[in-house]
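Visitor: Letter by letter, the chains look like this.
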Amino acid sequence: MVELDISNKKNPKYVGDPLEIPKLACGAMADSQTFAAHPKHNTDLGFPPELIDNWKEVAIAKIGELGKKNRAFQVYLDICVKCGACTDKCHYFLGSGDPKNMPVARQDLLRSVYRRYFTFAGKYFPWLVGARDLTEEVLNEWYTYYHQCSQCRRCSVFCPYGIDTAEISMAAREILDSVGKGQKYCNEIIAKAKTIGNNLGLNPKALRATLEDLEEDLEDETGVKVRLPLDEKGADILLITPSADFFAEPHIDGLLGYAKVFHQAGVSWTISSYASEAANFGMFIGSYENMRELSLRVRKAAKDLGVKRIVFGECGHAWRVAYSFLNTLAGPFDFLDQNYPIPQHIMEFTHDLIQKGELKFDKSKNDEFRVTFHDSCNVARGSRMGDFPGGQFELPRDVLKACCNHYFDMDRDTIKESTLCCGGGGGLLTDELMDLRTKGASPRMTALQQVTEDHGVTHMAAICAICKTQFSKVMPKFGYEMDNILSVHQLVSNAIILDDQVLEEEKQKAAQAVQEAKAEAK
Amino acid sequence: MKIWRYATTPAPLKIPTMPAPLTKAGVGFRLFREVAFFESLFKSNKWIWLFGYIFHVALLVVLLRHLRYFQSDVWWWVKLIQPFGIYAGFAMVFALSALLARRFLVERIRYISSPSDYLMLLLLIGIGASGLAMKFVSHTDIIAVKIYMLGLMRFQIGDLPTHPALLIHLALVALLMIIFPISKLLHGVGIFFSPTRNQVDDSRTKRHIAPWAKKLEEGEDR
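If you're matching them up, the sequences are chains A and B in order. Note that numbering that gives the first Met the number 0 gives residue 92 to position 93 of the first sequence, counting from 1, and the numbers run on in steps of one. Note that numbering that gives the first Met the number 0 gives residue 18 to position 19 of the second sequence, counting from 1, and the numbers run on in steps of one.
In isolation and in its complexed conformation, chain A is listed as follows (with noise of 0.2 Å):
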């Protein structure tokens, strides 16, 4: 890949291009090790503390129950017929070129087994159909590689019989729990999840505080009583947010873009402690049981609070979630006003005003960036906003397009439906694994600085938590500032403009007209 100077100011250059397919590299990830879960979080999650003795016959029979119990696990296992269009799909494999990061090698770790102990022909004939026994160095390589598949889908668009690799890399995770080999950073904070109510680990108390402290921070910016309501019953909307929407940058300032949208819409909503977390880290291990109970946290709280509405914040893999499977894991909401989506994103609230003119936004307060969108994985290809097919890809642009001047797209092969994976999603975000982030990351890098040499974009937007925090951790490394990834909620902050708020000119005037007219009394 092409390293390009941004700070290079001469004339648009050829940066390389973002799906350039690199040289095979074989074993160049092999040694890309994600730590392993302590025994008490497996547990806690409901999966033996550690490797068990009779890890393979465990294993095996796993692999027959999820044939049995998901469809889409036992005909993938099946009908691939290694055409090779996926193989050059995967950002990992862009950026790293070991070939077990190619989709279709990925599922063949699996498939490989599934063959050796289910079919005629891996039975009978191992060595024609590429099948293999089940061995520790098996596991250990399922551990490995199923550890670099952020199960963004983008393999499932371009295969011929839609073929998720997601589906096989989430059924390989639940197989490892299964058998005692969680991996810490998803089974950590799925029990952190499950006892205190977010990812994070923030207490009732210190979530009171913090959005204490930011009601603060909004009145000194607006000299208008913004809320961020924490658990008050009887609201309109219960907002449901990824807690790194309470602390991280520059998630916060995309919070305080919803609390002005509501407050300006004139809507009561509160925050729960109960359940103060959008995502849900059970669909990473691929576990239904713990994605279940996670979500019921949200209908309890829905229940509990009375509300009629259930709004979520910007969250990729929470979204999906949210939209494609909340209604599945805790449902039905028949309590809820069904006059309104359930569960609505925060996006289509905003952008429902919008279109009805009720928000007023000063575009220029947004003119010291020039602005692209990046397309969440699980958002563009996992969910939908809106009522029409692909309203996931127009309201957040039109959203950005109400308050921003400035804003380009990315190359067309690397947005919508084919976006690229920020390199952090499915459970990757952990800092052991920063070499695999950095390199899943450099395809979007380069499709940006493309648009950074084509358009002058300066500034990245993007609707996800994971997202967010990846990119404020990679951007450094291609050139960027960590603050050059922005919520797309923190550029509607900038530029509404609240009812009864007191802008600067207006307070410039209303001084200047005082003075004048002491001056005309003299």
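Rather than coming from a laboratory, the hints here were simulated on the basis of the structure. Here the structure is a predicted model, which means the values were calculated and not measured. Be aware that a few hints might be false.
[As the list claims (entries may be wrong)] Simulated pairs of lysine-lysine, DSBU-like, Cα-Cα distance not exceeding 35 Å: (1) Lys67(A) <-> Lys23(B); (2) Lys42(B) <-> Lys81(A); (3) Lys193(A) <-> Lys299(A); (4) Lys183(A) <-> Lys68(A); (5) Lys472(A) <-> Lys191(A); (6) Lys204(A) <-> Lys307(A); (7) Lys81(A) <-> Lys415(A); (8) Lys302(A) <-> Lys23(B); (9) Lys213(B) <-> Lys232(A); (10) Lys23(B) <-> Lys476(A); (11) Lys42(B) <-> Lys400(A); (12) Lys191(A) <-> Lys213(B); (13) Lys299(A) <-> Lys42(B); (14) Lys204(A) <-> Lys68(A); (15) Lys232(A) <-> Lys307(A); (16) Lys232(A) <-> Lys193(A); (17) Lys415(A) <-> Lys23(B); (18) Lys214(B) <-> Lys183(A); (19) Lys81(A) <-> Lys224(A); (20) Lys400(A) <-> Lys205(B).
Given chain A's structure and the hints, the job is docking chain B onto it.
Guide: Showing chain B alone in chain A's frame:
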């Protein structure tokens, strides 16, 4: 057997690859585009699409051409496509050879290929080549073959001409039929059972739940 398995295994979650159609009719159209035009493959890789598409369409025409060996009164349109069947035979062998060449020449495809992947292509090429050989290299007594086939259809085993190309052709086809249900050649039906392609995008308005998942809710206060 496998098909029954696919039809009865539940899909616990809604996982259509978005953007997805909002109605059943839309899903039908999406599947039609996949089957008739290989839409996703076209988006993915133009070369694989080109060779794969030529092969599949040519195979269809060739199969239709073969109908005449099984009919005493040949349908008019089967008569009409006879010459096209010949062209299709060449196109099929050409496309298969190109697909085989890709397996050898493209590093990534070579990496993911097992012996069976090459052998299946060789088997299909063998079938195509032996079929063409009967027409263009050493002519077989096709009338006698037809009489034999029509006999078979009435459960009478007659005399089959012992022409080498014909015997090779028929033996390879028989082999293909044997491995068809236990190999990746079954992919043809798989697309219809693929949740990422056959599901409707309606998860917010319609609750979707698998029977085994429903059981988890028993005894819960909802």
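Visitor: Now tell me, hint by hint, if it's right for this structure.
Guide: Now the hints, each set against the structure:
1. Lys67(A) <-> Lys23(B): Holds, at about 25 Å.
2. Lys42(B) <-> Lys81(A): Holds. Lys42(B) to Lys81(A) sits at ~17 Å (cutoff 35 Å).
3. Lys193(A) <-> Lys299(A): Distance of about 13 Å is within 35 Å: holds.
4. Lys183(A) <-> Lys68(A): Holds, at about 26 Å.
5. Lys472(A) <-> Lys191(A): With Cα atoms ~24 Å apart, Lys472(A) and Lys191(A) stay inside 35 Å; holds.
6. Lys204(A) <-> Lys307(A): With Cα atoms ~25 Å apart, Lys204(A) and Lys307(A) stay inside 35 Å; holds.
7. Lys81(A) <-> Lys415(A): Satisfied, since the Cα-Cα distance of roughly 26 Å is no more than 35 Å.
8. Lys302(A) <-> Lys23(B): holds (33 Å)
9. Lys213(B) <-> Lys232(A): holds (30 Å)
10. Lys23(B) <-> Lys476(A): Roughly 46 Å between the alpha carbons, so the hint for Lys23(B) and Lys476(A) is violated.
11. Lys42(B) <-> Lys400(A): This hinted pair holds, its Cα atoms lying about 29 Å apart.
12. Lys191(A) <-> Lys213(B): Holds, because 26 Å separates the two Cα atoms, which is no more than 35 Å.
13. Lys299(A) <-> Lys42(B): The hint is violated at about 43 Å.
14. Lys204(A) <-> Lys68(A): violated (41 Å)
15. Lys232(A) <-> Lys307(A): With a Cα-Cα distance of about 11 Å, the restraint between Lys232(A) and Lys307(A) holds, given a limit of 35 Å.
16. Lys232(A) <-> Lys193(A): The hint holds at about 22 Å.
17. Lys415(A) <-> Lys23(B): holds (24 Å)
18. Lys214(B) <-> Lys183(A): At roughly 30 Å apart (the allowed maximum being 35 Å), Lys183(A) and Lys214(B) satisfy the hint.
19. Lys81(A) <-> Lys224(A): violated (60 Å)
20. Lys400(A) <-> Lys205(B): holds (33 Å)
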